[in-house]
Amino acid sequence: MLLASCIIQLSIAQQKYEWKEAKSGGYTYKYITNDPMQARFYTLKNGLTVILSVNKKDPRIQTLIGTRAGSNNDPHDHTGLAHYLEHLLFKGTEQFGSLDWAKEKPYLDNIESLYDTYNHTTDVTARKTIYHKIDSVSGLAAKYAIANEYDKMMTGMGAQGTNAHTWVEETIYEEDIPSNAIDKYLAVQSERFKDPVFRLFHTELEAVYEEKNRGLDNDSRKSYELMLSSLFPTHNYGQQSTIGTVEHLKNPSLKAIRQFYNSYYVPNNMAIVMAGDFNPDYVIRKIDEDFAYMKAKPVPEYKAPVEAPIKAPIVKEVVGPDAENVMIAFRMPGALDTKSSVLLGVISEIMNNGKAGLLDLNINKAQKVLSASAGVMGWKDYAVFQLSGKPKQGQTLDQVKDLLLGQLEILKKGQFDETLVKAIVNNAKLSELQGLENNNNRATSLMDGFIKHRGQNWLSDVTYVDNMGKVTKQQIVDFANKYFNNNYVLLYKRKGEDKNIEKVEKPTITPVEINRNDQSAFLKKVDAMPATSVQPQWLDFDKDIQKGKAGQADVLYVQNKDNGLFRLYYRFDMGSWNNKLLPLAAQYLQFLSTDKYTSEQISREFYNIACSFTVSSGNENTVIAISGLQENFDKAVALFEHLLTHCQVNEDALAALKGRIGKSRTDSKLNKGNIMKGLANYAMYGAKNPFNNALSQADLDGVTASQLTDMLHSLGNYKHTVIYYGPQSMNEMIAAVQKEHVIPASWKETPPQQKFDKIDQAKNQVLFVNYDMVQTEVNWVRNNEAYNPDKTALVSMFNGYFGGGMGSIVFQTIRESKALAYSTYAFYSTPDKKGARYSTVAYVGSQADKMNDAINGMNELLNDIPRSDKLFETARQSLKQDIETERITQDGIIFTYLADQKLGLQEDNRKQVYEKIDKITFDDVKKFHDEELANKPYTYCVVASDKRVNLDDLKKYGDVKVLTLEEVFGY
Numbered sequence: 000m001l002l003a004s005c006i007i008q009l010s011i012a013q014q015k016y017e018w019k020e021a022k023s024g025g026y027t028y029k030y031i032t033n034d035p036m037q038a039r040f041y042t043l044k045n046g047l048t049v050i051l052s053v054n055k056k057d058p059r060i061q062t063l064i065g066t067r068a069g070s071n072n073d074p075h076d077h078t079g080l081a082h083y084l085e086h087l088l089f090k091g092t093e094q095f096g097s098l099d100w101a102k103e104k105p106y107l108d109n110i111e112s113l114y115d116t117y118n119h120t121t122d123v124t125a126r127k128t129i130y131h132k133i134d135s136v137s138g139l140a141a142k143y144a145i146a147n148e149y150d151k152m153m154t155g156m157g158a159q160g161t162n163a164h165t166w167v168e169e170t171i172y173e174e175d176i177p178s179n180a181i182d183k184y185l186a187v188q189s190e191r192f193k194d195p196v197f198r199l200f201h202t203e204l205e206a207v208y209e210e211k212n213r214g215l216d217n218d219s220r221k222s223y224e225l226m227l228s229s230l231f232p233t234h235n236y237g238q239q240s241t242i243g244t245v246e247h248l249k250n251p252s253l254k255a256i257r258q259f260y261n262s263y264y265v266p267n268n269m270a271i272v273m274a275g276d277f278n279p280d281y282v283i284r285k286i287d288e289d290f291a292y293m294k295a296k297p298v299p300e301y302k303a304p305v306e307a308p309i310k311a312p313i314v315k316e317v318v319g320p321d322a323e324n325v326m327i328a329f330r331m332p333g334a335l336d337t338k339s340s341v342l343l344g345v346i347s348e349i350m351n352n353g354k355a356g357l358l359d360l361n362i363n364k365a366q367k368v369l370s371a372s373a374g375v376m377g378w379k380d381y382a383v384f385q386l387s388g389k390p391k392q393g394q395t396l397d398q399v400k401d402l403l404l405g406q407l408e409i410l411k412k413g414q415f416d417e418t419l420v421k422a423i424v425n426n427a428k429l430s431e432l433q434g435l436e437n438n439n440n441r442a443t444s445l446m447d448g449f450i451k452h453r454g455q456n457w458l459s460d461v462t463y464v465d466n467m468g469k470v471t472k473q474q475i476v477d478f479a480n481k482y483f484n485n486n487y488v489l490l491y492k493r494k495g496e497d498k499n500i501e502k503v504e505k506p507t508i509t510p511v512e513i514n515r516n517d518q519s520a521f522l523k524k525v526d527a528m529p530a531t532s533v534q535p536q537w538l539d540f541d542k543d544i545q546k547g548k549a550g551q552a553d554v555l556y557v558q559n560k561d562n563g564l565f566r567l568y569y570r571f572d573m574g575s576w577n578n579k580l581l582p583l584a585a586q587y588l589q590f591l592s593t594d595k596y597t598s599e600q601i602s603r604e605f606y607n608i609a610c611s612f613t614v615s616s617g618n619e620n621t622v623i624a625i626s627g628l629q630e631n632f633d634k635a636v637a638l639f640e641h642l643l644t645h646c647q648v649n650e651d652a653l654a655a656l657k658g659r660i661g662k663s664r665t666d667s668k669l670n671k672g673n674i675m676k677g678l679a680n681y682a683m684y685g686a687k688n689p690f691n692n693a694l695s696q697a698d699l700d701g702v703t704a705s706q707l708t709d710m711l712h713s714l715g716n717y718k719h720t721v722i723y724y725g726p727q728s729m730n731e732m733i734a735a736v737q738k739e740h741v742i743p744a745s746w747k748e749t750p751p752q753q754k755f756d757k758i759d760q761a762k763n764q765v766l767f768v769n770y771d772m773v774q775t776e777v778n779w780v781r782n783n784e785a786y787n788p789d790k791t792a793l794v795s796m797f798n799g800y801f802g803g804g805m806g807s808i809v810f811q812t813i814r815e816s817k818a819l820a821y822s823t824y825a826f827y828s829t830p831d832k833k834g835a836r837y838s839t840v841a842y843v844g845s846q847a848d849k850m851n852d853a854i855n856g857m858n859e860l861l862n863d864i865p866r867s868d869k870l871f872e873t874a875r876q877s878l879k880q881d882i883e884t885e886r887i888t889q890d891g892i893i894f895t896y897l898a899d900q901k902l903g904l905q906e907d908n909r910k911q912v913y914e915k916i917d918k919i920t921f922d923d924v925k926k927f928h929d930e931e932l933a934n935k936p937y938t939y940c941v942v943a944s945d946k947r948v949n950l951d952d953l954k955k956y957g958d959v960k961v962l963t964l965e966e967v968f969g970y
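Residues 0 to 970 (numbering that gives the first Met the number 0) make up the sequence shown, in order.
Just so you know, the hints here were simulated from the structure itself, not pulled from any lab data.
Treat the numbers as computed from the prediction; the structure is a model and nothing was measured.
Just so you know, even glycine gets a beta-carbon here, dropped at the ideal spot from N, CA and C.
Honestly, I wouldn't trust all of these hints.
[Claimed, not checked] Within a straight-line C-alpha distance of at most 27 Å, the following computed DSS-like cross-link-like pairs (lysine-lysine) qualify:
1) K502 x K296
2) K502 x K221
3) K676 x K832
4) K762 x K954
5) K285 x K254
6) K790 x K668
7) K296 x K254
8) K469 x K502
9) K302 x K285
[Claimed, not checked] Per label pair, the in silico range of CB-to-CB distance:
10) K879 x A307: 54 to 62 Å
11) G495 x M376: 25 to 33 Å
12) V476 x G393: 49 to 57 Å
Turn these sequences into a full structure, and let the hints steer you where they fit.
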């Protein structure tokens, strides 16, 4: 595929993009000619929209069911309601999720009435009395509820990625199903949306409280919400947060939630999107049959106010423990203004495309800040264009702000090369081609179109990239001068203590029955539905991978028969454990020039030919990756090889890089996620571990530019493997690579590798780091036996049953029954190389005042695994169907081969796992649990505020060791 001919063909096709109508299988649909997704748009008699895109690559289907209602549509006195409802639509109906609906219903009616009374009561004592009654009646109702039966049904049919999300204009329900589970899937979904029952509400309410409190601990979330409320002082984009206010969360109304459901979950406001391997004629008929019960009715549309122009910068500030940054946000025309959307898309790429944008070259490559970015967040009524930046050491937020706004001034003056627009279009076409391979990309794009414009502007979406190519420099300058003035929100995120932080207080909740051993008649009916078997496909490394030689370098090759894209890798068996300077050298390369090209010219040239490169150095491997259009393969390889072998010393760039690394290290210590990752490594490996295996400040200061350029120049002299996925034949590819990539007659000796061995947990210990937060995060760590490939099936079954998903024992107990956490899991972690040890890892994130209950709840499960034969069988079927429908393709074949080799495996281990699954019993899993997890010493990793957690409380779990951030991070 030639780029020039590709562009010409697409340009010609552009003239043929038009809506057409066709009929197939008895159903009429609309489509756009030359749509690369070949999407079919159906509107059923009741108004339900169905959008189908066939992709036969894998025997799986990405499904999305969406309604055009989100936090925009929440009642003003019940914000967060759409999000509540999203959670409740996993709880079942009269037909599933209940042992006896007739007996359960009176209790649920009573609970609804009690919540209504609670909602209208202000006296604190009276509210506690009512809530105690709610808790008591909820316990009685729960005796008839089957928790997570929805998840059990989806897991049983082989679904993956069971999830949902609510945003300002949408609520979307997501499933990735096997292609043979269409009938089961539609049966469950049609019942799910028929007449949902809001059972187990008070425990789910507590999960939402936890989600809210996690958001209150998240500086980015606080900044995002303040930015929106400032940009949109009257529109619900800014006035109603998706999760709701603390006050409204404390006063939920089941009646209001039911009213919301009745108003917006109607067929003429909903869409079903499916992308993957299926027969569209069969699918549309089944959807019509299963969802015909839905009745259309008028939908109350949100009447969007017109926001008054911002006439002067609105300055806001967020304070919290995370690193400082600055954000500049402009209010822009929304998605329905298709011409503005195209212009805004081009402008966003001119500012920041990751390679050759104004921010990329003038700010990031010049290392004028720690990092800078730009992007668009688009909704129906308005969009937001956002600039953001993080300061270097000693740099003020105002200095970062001035640099960001300075790049906008360059844009407004038209001081950019117009050829950049052509390069943007070529790269967008490349991304579009890559995106077609993924069912989730297809489904998400189609659903996004439905949410924003009911799919009516799909013609504009399909022609979006071509329309970008029509944009002129003058149009860009005019648009920028019209919309980018002193009409922005300026938000400073400063480090400090947020003295105004609030949290949703923990109500007293009695653990409820979850009846995990019970099943509804509906579940049994769904399970009994016939499904055509899908046969697993195993890799044959000898047949699926061609092996050759480029000089003395091994070559691993898989041909791309689908399109004109290539990916080339040089994979070295050495990383930071061999030489701590390797990651630094890999970072340094992007800032270097050669004797022929400046660093900026190299970035522009790669972007112009729609190719890219990365150099990444991990613990044990360093990988050079070059990718793009095959027609530009020779140019891309030659340009990269020139850069690698001719890069020149740049002392200023190194000094700036060292400064940025220092600031990044400081910022990393302020991030609770990084702190927990470091704690877990400390627990797993001891004081010296992979996480803190970094250059000391003194070592970093002592590194010279010539050290790094010498390392880069000589990198190709170390042993490496050439890996290729692309359309060129292997012999042609090897010849093309050898023309530019010099392979020595003999390899340089690889530096010895530093070893990190997992330590034994001889006794219980608590590792604690203080962090200013409302929540408490707890990780359990225990190292186990050495890797044994014969146990892979047993480990997989254990993880699926015990703690691997929403239907697992851990999730059902900790969240569904006891309402102790929003997020929780536990699993037996498999190492990545032969001889290394497994580790047991568990996690609970809870409110600080529930920490002890959460720890005790997890410990009970770690010591005693509950038995549920039904859940066990569901886990078995899920694992089998995952394997049956998994297709490892493209360069994934090669990387699977390399990963298996590292584990000492000579063939696809999934075959052995699959053959063993049916033979594994619960007794096998229990024996495994008892031998590896139960009543064993653990290291507890705790990140929490010492103002909210009593360290003496932690002593009952083990010896407490308070770690400094220097001990955790190694600097």
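Now the hints, each set against the structure:
1. In summary, the hint linking K502 to K296 is not supported, as the alpha carbons are separated by about 39 Å, beyond the 27 Å threshold.
2. Our distance criterion of 27 Å between C-alpha atoms is met by K502 and K221, whose separation comes to about 13 Å.
3. Pair hint K676 plus K832 holds up; C-alpha atoms about 21 Å apart against a cutoff of 27 Å.
4. Distance check on the hinted pair: K762 and K954 sit about 13 Å apart at the alpha-carbon level, within 27 Å; holds.
5. This hinted pair does not check out: K285 and K254 have alpha carbons roughly 33 Å apart, beyond 27 Å.
6. Only pairs whose Cα atoms come within 27 Å are accepted, and K790 paired with K668 is rejected, the gap being roughly 38 Å.
7. A threshold of 27 Å between alpha carbons decides the hint, and for K296 with K254 the separation of about 20 Å falls inside it, so the pair holds.
8. Among the hinted pairs, K469 with K502 is inconsistent with the structure: their alpha-carbon atoms are about 51 Å apart, more than 27 Å.
9. Pair hint K302 plus K285 does not hold up; C-alpha atoms about 35 Å apart against a cutoff of 27 Å.
10. Separated by about 59 Å at the C-beta atoms, K879 and A307 satisfy the suggested range of 54 to 62 Å.
11. Here the CB-CB span from G495 to M376 is close to 27 Å, well matched to the stated 25 to 33 Å.
12. A C-beta distance of roughly 35 Å is found between V476 and G393, which places it outside the suggested range of 49 to 57 Å.
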